[in-house]
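There are 2 protein chains.
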Amino acid sequence: MSTVTLIGAGQMASALTFPLFENGHEVRLVGSPLDDDIMARLREDNYHVNLLRTLHDGIHYYNCSQVKEAIDGADLIVCGISSFGVDWFADEILPILNEDVPLISVTKGMLDYEDGTMQTYPEYWQTKLPEGSKLRIYAIGGPCTARDLADHDPSFVGYCGPDFETLEWIRDIFQTDYYIISLTLDVVGLECAVALKNGYALGTALAVGIKEKLGDDGINHNNMKAALFQESVKEMLDLLYLVGGGAENIMFAAGDLDVTVSAGRSRTVGLLLGKGYTIEETLEQLKGQTLEAVVIATRTARAVKALAKRGRVSEDDFPLLMHVNELLNEGKTLDIPWKKFQKKM
Amino acid sequence: MSTVTLIGAGQMASALTFPLFENGHEVRLVGSPLDDDIMARLREDNYHVNLLRTLHDGIHYYNCSQVKEAIDGADLIVCGISSFGVDWFADEILPILNEDVPLISVTKGMLDYEDGTMQTYPEYWQTKLPEGSKLRIYAIGGPCTARDLADHDPSFVGYCGPDFETLEWIRDIFQTDYYIISLTLDVVGLECAVALKNGYALGTALAVGIKEKLGDDGINHNNMKAALFQESVKEMLDLLYLVGGGAENIMFAAGDLDVTVSAGRSRTVGLLLGKGYTIEETLEQLKGQTLEAVVIATRTARAVKALAKRGRVSEDDFPLLMHVNELLNEGKTLDIPWKKFQKKM
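Residue numbers (the numbering used here), protein chains in the order written: chain A, 18 to 362; chain B, 18 to 362.
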């Protein structure tokens, strides 16, 4: 039995308590500064007001102010904050972590820089560690909605990090018969694959919105969705090569694309844009929800544009991403550039 | 304006008459020996009894006995037979074709040999050409259901063959604003990608059947489907490498997987097996339908087993395909080997 401390009590971190607790570990769940309402109710009856599921009785709850107590004696730390808390985590949590205790992050996303460099959060946090710290950072990616995981639906994800020895130890802590974990040392590949999928889930879900808007016209419109899915996989593979990730990570990108187009907020943004709403109207309808897909799609498009300026890629090779960016950031109306999808390969 | 002769009047060949006719070409549609009922009704009022759509008025219909007349003066021949007619096409049609007129095939599938070699139909037909024939064979792959194409839903496919010059000429003949075509010289890659997807569409659709059987249990089961989708993409990429196809063709495999899991007979086979029916019960329910997915999944699994015997691969690297094969050919009951999906990459 190990002691596992999860920092951030959002849906995914909280869903991860299911396999952890069922594997017999001591599970400590720490609310971030944004999680006060969640924690209050959890302490009452273990019900998670966003996940809409009741956690196992026996999980130890901590408020943010108790984080030092929560990490004391832990064998593994899990970062479960949203991508909007990445700097908070760097500033407030990284400095107090024991460098001998591995950290694994389930936060999906990435940063972009003016020269077009895309950076994963594990890489970013590595630069933020106290001087000389030997803290090893691992990460979780792949298609896994929190609610399905909490419901024990079979889920298949990827864990990545700097060495297989610790990864196998972490897998033993998490894996159950319904939560299956592949391991890879390709942190950039896995993390970028699952970050990139955000913009493309939004792009593919445009077809869902277009179909909904057309209503019952007697047409299945499966070809349209598959066309966007196919173009997404093509552009994601090109981006994977661009960041130096291995082609095999396209499995995570495609799997995560499938699940994200089926459910979730990225789907909803794409769906509303596909129905013809402007981005302002879309955001208005989704007020109060964290929309990581919008941020990450914007970052990816910005990186491609920066790389294109440097002559490393051509914007023409990413017509779907560019159109998503036009919808999100340039006030353009929906007009999928189908003809631009044609290529010579 | 060109003259295009389609041989085989099944759903896909007939759907292709829409872009061809709308682009102003003379379109000749030749029924195979199995298409007599289809042709009789088409001659009456252009209604296609399997496609369930009315073709454009002005298409020229030919019965099989008139095939020589139909190909006389054609600029392009399209092979639109099902995979069960591959040998008929080799024996009856190839010998009478003009070697200077390109042939493009929309027949999806592949053959396997005792040593585990997988062979695309264009490669197979190349071996069947009359001695010295210079006939060039091109092929069509990618996610495109016939009915959606007939309904002018945006569709995005791949055309492959030995040279870009003719491919671009063929694209000009077919492409419309709703039918978008990428080109590749990687015939093995594209054709295997879209053939392989059959077994995996069946494998991924197991989740659809399991969900249907569980009924309204309050669980979305999106993770389960994405897990199978992800494992499918992984195994398809490995198989692509194995046959010498380029990784970029995974876009076609994944796109085609998406559309096939959404609709079609491969989905139905997987769905019924997922609901717990035996393969015998499943085939009984689908009596009278051509089930190419079953044949192609069987061939793919047989090839992997043969290659495993020769030490070139391990069956353990294809757990989903192996389980699909157990369901189809070894009388096993449904028991998805989730744990076997875990890998070190």
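Please keep in mind that the hints were generated in silico from the structure rather than gathered at the bench.
A portion of the hints provided could be inaccurate.
Note that the list lumps identical chains together, so a pair holds whenever it fits in one copy or between two copies.
Quick list of in silico lysine to any residue cross-link-like pairs, SDA-like style, CA-CA up to 20 Å [said to hold, decoys possible]:
| id | residue 1 | residue 2 |
| --- | --- | --- |
| 1 | K145 | G90 |
| 2 | K85 | T295 |
| 3 | K228 | A280 |
| 4 | K357 | Q192 |
| 5 | K356 | E39 |
| 6 | K228 | G281 |
| 7 | K151 | D108 |
| 8 | K85 | N115 |
| 9 | K304 | G261 |
| 10 | K349 | A280 |
| 11 | K228 | S279 |
A quick look at each hint next to the structure:
no.	hint	verdict
1	K145 <-> G90	neither (23 Å within a copy, 72 Å between copies)
2	K85 <-> T295	neither (45 Å within a copy, 56 Å between copies)
3	K228 <-> A280	both (16 Å within a copy, 15 Å between copies)
4	K357 <-> Q192	between (43 Å within a copy, 12 Å between copies)
5	K356 <-> E39	between (51 Å within a copy, 17 Å between copies)
6	K228 <-> G281	both (18 Å within a copy, 19 Å between copies)
7	K151 <-> D108	within (17 Å within a copy, 69 Å between copies)
8	K85 <-> N115	within (10 Å within a copy, 81 Å between copies)
9	K304 <-> G261	neither (36 Å within a copy, 49 Å between copies)
10	K349 <-> A280	neither (25 Å within a copy, 33 Å between copies)
11	K228 <-> S279	both (14 Å within a copy, 14 Å between copies)
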